[in-house]
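Colleague: Using UniProt numbering, read the sequence shown as starting at 1 and increasing by one per residue.
Any given hint could turn out to be false.
What the hints assert, rightly or not - Each computed SDA-like pair below joins lysine to any residue, with the alpha-carbon atoms no more than 25 Å apart: (1) K56 - D66; (2) K44 - S67; (3) K44 - A54; (4) K25 - F43; (5) K56 - E77; (6) K56 - A36; (7) K56 - E83; (8) K25 - P35; (9) K44 - G63; (10) K44 - L65; (11) K56 - P35; (12) K56 - L29; (13) K56 - A38; (14) K44 - D66; (15) K56 - F72; (16) K44 - M64; (17) K56 - F79; (18) K56 - I37; (19) K56 - I42; (20) K25 - A36; (21) K44 - F75; (22) K56 - V70; (23) K56 - F75; (24) K44 - K25; (25) K44 - R24.
Treat the hints as calculated values from the structure; they're not laboratory data.
From a predicted model like this one, the values you see are computed outputs, not experimental measurements.
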Amino acid sequence: MAKTNTGLPRPDLAATGGPLRAIRKHWDLYLMALPAIALIVIFKYLPMYGVIIAFKDYNPMQGMLDSEWVGFRFFRELFLFDEFPPGRAEHGGDQPDEAGLRFPGTDYSGAAA
Numbered sequence: 001m002a003k004t005n006t007g008l009p010r011p012d013l014a015a016t017g018g019p020l021r022a023i024r025k026h027w028d029l030y031l032m033a034l035p036a037i038a039l040i041v042i043f044k045y046l047p048m049y050g051v052i053i054a055f056k057d058y059n060p061m062q063g064m065l066d067s068e069w070v071g072f073r074f075f076r077e078l079f080l081f082d083e084f085p086p087g088r089a090e091h092g093g094d095q096p097d098e099a100g101l102r103f104p105g106t107d108y109s110g111a112a113a
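Start from the sequences and build out the full structure, keeping to the hints where you can.
Modeller: So this is what it looks like as structure tokens:
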């Protein structure tokens, strides 16, 4: 089978020097991207560490990582609690006042004013 030439250049990593050469060549662009990357890491990824507290029986004396792992136990207790508001567990309610979004002086009954 014959090789087809698309006319597009195919850079060879060995010939171009690889990704490190590109970083060295465009270091100023990577430096400008660094603050944005730092903000993403600080405000999006680091808070995910604290999410694990919902799945642990947190004990301040043991710390976050050494506390006992309980999985979905607390979520099961919350949703099976008798006084947990019905309708909010699945979808947040069909009407704005069921979800706690009622504005004073508004009528959501559907009757014309």
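Colleague: All the hints need checking, so say for each whether the structure fits it.
Modeller: Each hint, compared with the structure:
no.: 1; hint: K56 - D66; result: holds, 9 Å
no.: 2; hint: K44 - S67; result: holds, 24 Å
no.: 3; hint: K44 - A54; result: holds, 18 Å
no.: 4; hint: K25 - F43; result: violated, 30 Å
no.: 5; hint: K56 - E77; result: holds, 14 Å
no.: 6; hint: K56 - A36; result: violated, 32 Å
no.: 7; hint: K56 - E83; result: holds, 23 Å
no.: 8; hint: K25 - P35; result: holds, 19 Å
no.: 9; hint: K44 - G63; result: holds, 22 Å
no.: 10; hint: K44 - L65; result: holds, 20 Å
no.: 11; hint: K56 - P35; result: violated, 33 Å
no.: 12; hint: K56 - L29; result: violated, 42 Å
no.: 13; hint: K56 - A38; result: violated, 29 Å
no.: 14; hint: K44 - D66; result: holds, 24 Å
no.: 15; hint: K56 - F72; result: holds, 9 Å
no.: 16; hint: K44 - M64; result: holds, 19 Å
no.: 17; hint: K56 - F79; result: holds, 17 Å
no.: 18; hint: K56 - I37; result: violated, 30 Å
no.: 19; hint: K56 - I42; result: holds, 23 Å
no.: 20; hint: K25 - A36; result: holds, 20 Å
no.: 21; hint: K44 - F75; result: holds, 24 Å
no.: 22; hint: K56 - V70; result: holds, 5 Å
no.: 23; hint: K56 - F75; result: holds, 11 Å
no.: 24; hint: K44 - K25; result: violated, 30 Å
no.: 25; hint: K44 - R24; result: violated, 28 Å
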